[in-house]
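Below, each chain spelled out in residue letters.
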Amino acid sequence: MSAFLAVEGLGVSYGPIAAVEGVAFSVERGEHLTLLGPSGCGKTTTLRAVAGLETPSAGRIVIDGAPVFDSVQGLNVPPEKRGLSMVFQSYAIWPHMSVFDNVGFAFRVRGIGRERARPAVERALALVDLAGFAERPASRLSGGQQQRVALARAIACDSKVMLLDEPLSNLDAQLRIAMRAELSELRRRLGMTSVYVTHDQEEAFALSDRIAVMRGGRIEQLGSPAEIYAEPRTRFVAGFLGMRNIIDAELRPLAGQGRYVEARLAGDIVLRARDPVADGNAPRAAAIGVRPVDIRLETAGDGITGVVARSLFLGDVAHYYVRSGPIEICVHDRPRPELSDGREVRWRVDPDRCLVLRE
Amino acid sequence: MRLRGGVSTETAVGAGLAVVVTWLVILPLAAVAIGAATDAGGLSARPFLDVLGSTRIIANTAIVGVGTTVFAVALGGALALALARIDTPGRALLSRLVTLPLYITPLLTAIAWAWLGSPRGGLINLLCRRLLGIDSLVNLETSGGVVFVAALAYVPLPFLLISAALRSMDPALEESARIHGASTFQSLRIVTLPLMLPAILGSALLVFVQAMGLFSVPAVLGMPSGFYVAGTEIYRSLNNFPPRLAQAAVWGLLLLTVTAGLTWLQTRFLRRHSYATVTGKAFRPRMLEIGWPRHLLAVFAAFYVAVAVVLPVATLLWAALVNFITVDPDLMEFGFKHFRYVLFEYPKTYLAMENSLILGVATATLGCALGLALSWSIVRRPGRLSAYLDQVSMFPLAMPSMVLALGLLWVYVRAKALPVYGTIAILLIAYLTHYLPIAVRAGSGALRQLHAELEDAARMTGATWSKTIRWITLPLTAPTLVATWSLLFILSVQEISSSILLYTSRTTVLSVAVFDLWEAGNVNALAALSVIQLAITFLVLLAFGRARPREVVA
Numbered sequence: 001m002s003a004f005l006a007v008e009g010l011g012v013s014y015g016p017i018a019a020v021e022g023v024a025f026s027v028e029r030g031e032h033l034t035l036l037g038p039s040g041c042g043k044t045t046t047l048r049a050v051a052g053l054e055t056p057s058a059g060r061i062v063i064d065g066a067p068v069f070d071s072v073q074g075l076n077v078p079p080e081k082r083g084l085s086m087v088f089q090s091y092a093i094w095p096h097m098s099v100f101d102n103v104g105f106a107f108r109v110r111g112i113g114r115e116r117a118r119p120a121v122e123r124a125l126a127l128v129d130l131a132g133f134a135e136r137p138a139s140r141l142s143g144g145q146q147q148r149v150a151l152a153r154a155i156a157c158d159s160k161v162m163l164l165d166e167p168l169s170n171l172d173a174q175l176r177i178a179m180r181a182e183l184s185e186l187r188r189r190l191g192m193t194s195v196y197v198t199h200d201q202e203e204a205f206a207l208s209d210r211i212a213v214m215r216g217g218r219i220e221q222l223g224s225p226a227e228i229y230a231e232p233r234t235r236f237v238a239g240f241l242g243m244r245n246i247i248d249a250e251l252r253p254l255a256g257q258g259r260y261v262e263a264r265l266a267g268d269i270v271l272r273a274r275d276p277v278a279d280g281n282a283p284r285a286a287a288i289g290v291r292p293v294d295i296r297l298e299t300a301g302d303g304i305t306g307v308v309a310r311s312l313f314l315g316d317v318a319h320y321y322v323r324s325g326p327i328e329i330c331v332h333d334r335p336r337p338e339l340s341d342g343r344e345v346r347w348r349v350d351p352d353r354c355l356v357l358r359e
Numbered sequence: 001m002r003l004r005g006g007v008s009t010e011t012a013v014g015a016g017l018a019v020v021v022t023w024l025v026i027l028p029l030a031a032v033a034i035g036a037a038t039d040a041g042g043l044s045a046r047p048f049l050d051v052l053g054s055t056r057i058i059a060n061t062a063i064v065g066v067g068t069t070v071f072a073v074a075l076g077g078a079l080a081l082a083l084a085r086i087d088t089p090g091r092a093l094l095s096r097l098v099t100l101p102l103y104i105t106p107l108l109t110a111i112a113w114a115w116l117g118s119p120r121g122g123l124i125n126l127l128c129r130r131l132l133g134i135d136s137l138v139n140l141e142t143s144g145g146v147v148f149v150a151a152l153a154y155v156p157l158p159f160l161l162i163s164a165a166l167r168s169m170d171p172a173l174e175e176s177a178r179i180h181g182a183s184t185f186q187s188l189r190i191v192t193l194p195l196m197l198p199a200i201l202g203s204a205l206l207v208f209v210q211a212m213g214l215f216s217v218p219a220v221l222g223m224p225s226g227f228y229v230a231g232t233e234i235y236r237s238l239n240n241f242p243p244r245l246a247q248a249a250v251w252g253l254l255l256l257t258v259t260a261g262l263t264w265l266q267t268r269f270l271r272r273h274s275y276a277t278v279t280g281k282a283f284r285p286r287m288l289e290i291g292w293p294r295h296l297l298a299v300f301a302a303f304y305v306a307v308a309v310v311l312p313v314a315t316l317l318w319a320a321l322v323n324f325i326t327v328d329p330d331l332m333e334f335g336f337k338h339f340r341y342v343l344f345e346y347p348k349t350y351l352a353m354e355n356s357l358i359l360g361v362a363t364a365t366l367g368c369a370l371g372l373a374l375s376w377s378i379v380r381r382p383g384r385l386s387a388y389l390d391q392v393s394m395f396p397l398a399m400p401s402m403v404l405a406l407g408l409l410w411v412y413v414r415a416k417a418l419p420v421y422g423t424i425a426i427l428l429i430a431y432l433t434h435y436l437p438i439a440v441r442a443g444s445g446a447l448r449q450l451h452a453e454l455e456d457a458a459r460m461t462g463a464t465w466s467k468t469i470r471w472i473t474l475p476l477t478a479p480t481l482v483a484t485w486s487l488l489f490i491l492s493v494q495e496i497s498s499s500i501l502l503y504t505s506r507t508t509v510l511s512v513a514v515f516d517l518w519e520a521g522n523v524n525a526l527a528a529l530s531v532i533q534l535a536i537t538f539l540v541l542l543a544f545g546r547a548r549p550r551e552v553v554a
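As you go down the protein sequences, you meet chains A and B in turn.
Quick note: the first sequence uses the working numbering, first residue 1, plus one each step.
Quick note: the second sequence uses the working numbering, first residue 1, plus one each step.
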């Protein structure tokens, strides 16, 4: 096993309720993995279990070849001995200490004097653009500055893996985008290994080598941002990543067509769809998903007949809602004056862009 | 689960705490029950029959318990409404003054009022006879007198709890009642009162438990006229020769059954009537503007302060300085001779003061440590163990301190392995147990306001559990701990109900010394000693000027 951080069969339960169940993933050295999901999906619990702040009920966690948790052997290394660092959602900047003392805490804990710690602390502060802030009381910092101090504190202790729990969620929209870019640059420069938790898909795409989408305490899909975006496997993942058109369908394999299947929607609409899972065993009843930009609208010719129910003009693009019998689809296109409300249209989807979604 | 490298510090601390609270709280409780059923070595129903036969004393205890509770809660609630929700002039100062009786023991208030209102030698009656020629205007050596003085002393508890609840109620709830057509009075009755019910009931129970087990006030105002209650009866059973320990224990068990039963009922009631609208969040309450009657409310609050604080303290001061008690101005001479006597001649003063100060410091320090440790386990590590810690550490709220003392007496007179009887250690155990709920509540309040991630961050940065507590938790909860420390110190220096049963000649404390002087009839020396006791209290209050009992009690 070559993974730098490996999590196997992780389970965390609060009494009879299982918050996390059967979670497994691994992170290579220098890799950035993101746990993505809505609130309550178990992503923060998973991260805290890796940190040692939560005691799992099952599973095994190995960091850099050394097991830190193993439910079978009864092994549970306390958080301070796991060699990790963490940035918290609330920043958790200690208000009774100066910026220096916050960032240099790891040195104080190890009994290293202020003067010996100074170069490392100042280097960390410089990395987050806070050089010269060392003697400032931590209680006198803005939200963005606190965020930087939290980051500097995590950098300064020179950890094996950095854990980040929704570190940008308390910042306002503009600052969040700026910090996102900075964070990504900083991680590249330091060559860190990190596990990042967020509910924001854009943040996940921008900051990850791989993404684990979580739901109900389990990992639903794990892959690179491009994979996850292009080929969501389930209805939940597709919906969470903004695939607007998710329609119930009955599937029938097409003989000799490999991964393509016939999808029958309500109102006897039939489309060709692609099954991203290679096993060729598409379920009978499932759903198909199409992104609004992947639907072609024409006023005549081949395709499924529909009527423009309403449209929304947004400048560069327009959203058209097209009704075909019992189903309604959303199409994003450049604004087209001829597509007025009530206009009859034809729509088509490239079978490669029409995905089979499992439950 | 087996842990490599031994048990973690947190787990060890949690288990240790469970042992400590069991030892402090459960052991004396069990001892009272066993003691009640054991007469002269064997099982016997005799003590039960004796006690249940004294219907007079049972009735007196009920009168004092219910009467004190009703008056204290009505008065405290009215003051809370007047000072927290109505535009009463001077309400900021008045709400501080109204809490002062917390720092004057009921014993001193009772003694001062006994001098003012006893039927024969009472100053009020003497003055009336001199000036108006009327005989016996007031008589406080009655059940009414006991209830009056006890209620005065306990008003701050309902005041603090109810005004805290009033402040944390969203004013929008009342405003929407007004907008939908309710008058000021109607919105108070229909919206505010039901929302205040948990606070009202909670403080009522708190006062009731204290009043049922009350010793000092009925001892001063009741015993002279033969008005006995359970508290004084327990004292008499143990002070007579031979001491009737079983009988005292039955009284204790009886009190405990009533208070514990009511506490259980209250918990059940609150489970159905707790409203999430009263949050921990502080709102800026909208002051009700009621026009000119607001001045009457200010007079009413000032009158309470005068009767409960100014008059008793002034009386004590006067008695400490005057040559002897008289209402004839020609005979009065003022000087420090009583202070000289108490400080330099009365043999018990130094011993009592030393013991009281040691006990005060020890109780406050250990109480804060224990309270913080317990509340940390309760708040940060919810689970079955912490539920046990939470419940058991709140038990003493339902235990009159005399009952607790009885249990301790029963255990430690026998326990040769732990020879604390006859030392101040047994008093320390009693105080720690009695004030445990205050310490735990203060700690939980502070910890709930401290984001757990501040501690997690220290663990993630390499600090062990104990370093995290020392470097992060302690400094950040320090303000609450200081306030709690000063409150525990003051309460310990004043404690009498359990001390009176547990002290020996070598381990006497200030309150007991005051009570001794009272029984000996040495009134001026008593006044001087109690002025010294009050001075210590107020010095501590001044030293910790910013420490607010409000947060700790409520």
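Since the hints were made in silico from the structure, they are not lab data.
Be aware that a few hints might be false.
[To be verified] Facing chain B, from chain A, some residues (calculated, C-beta under 7 Å):
no.: 1; residue: Ala-66
no.: 2; residue: Pro-67
no.: 3; residue: Phe-88
no.: 4; residue: Cys-157
Only a predicted model underlies this, so the values are computations on that prediction, with no experimental measurement involved.
For every residue, glycine included, the Cβ atom is placed at its ideal position computed from N, Cα and C.
Cross-check of the supplied hints:
1. Ala-66: Constraint on Ala-66(A) not satisfied, violated at 12 Å.
2. Pro-67: 10 Å, violated
3. Phe-88: 4 Å, holds
4. Cys-157: 6 Å, holds
The structure fails to meet hints 1, 2 from the earlier list, while all remaining hints are met.
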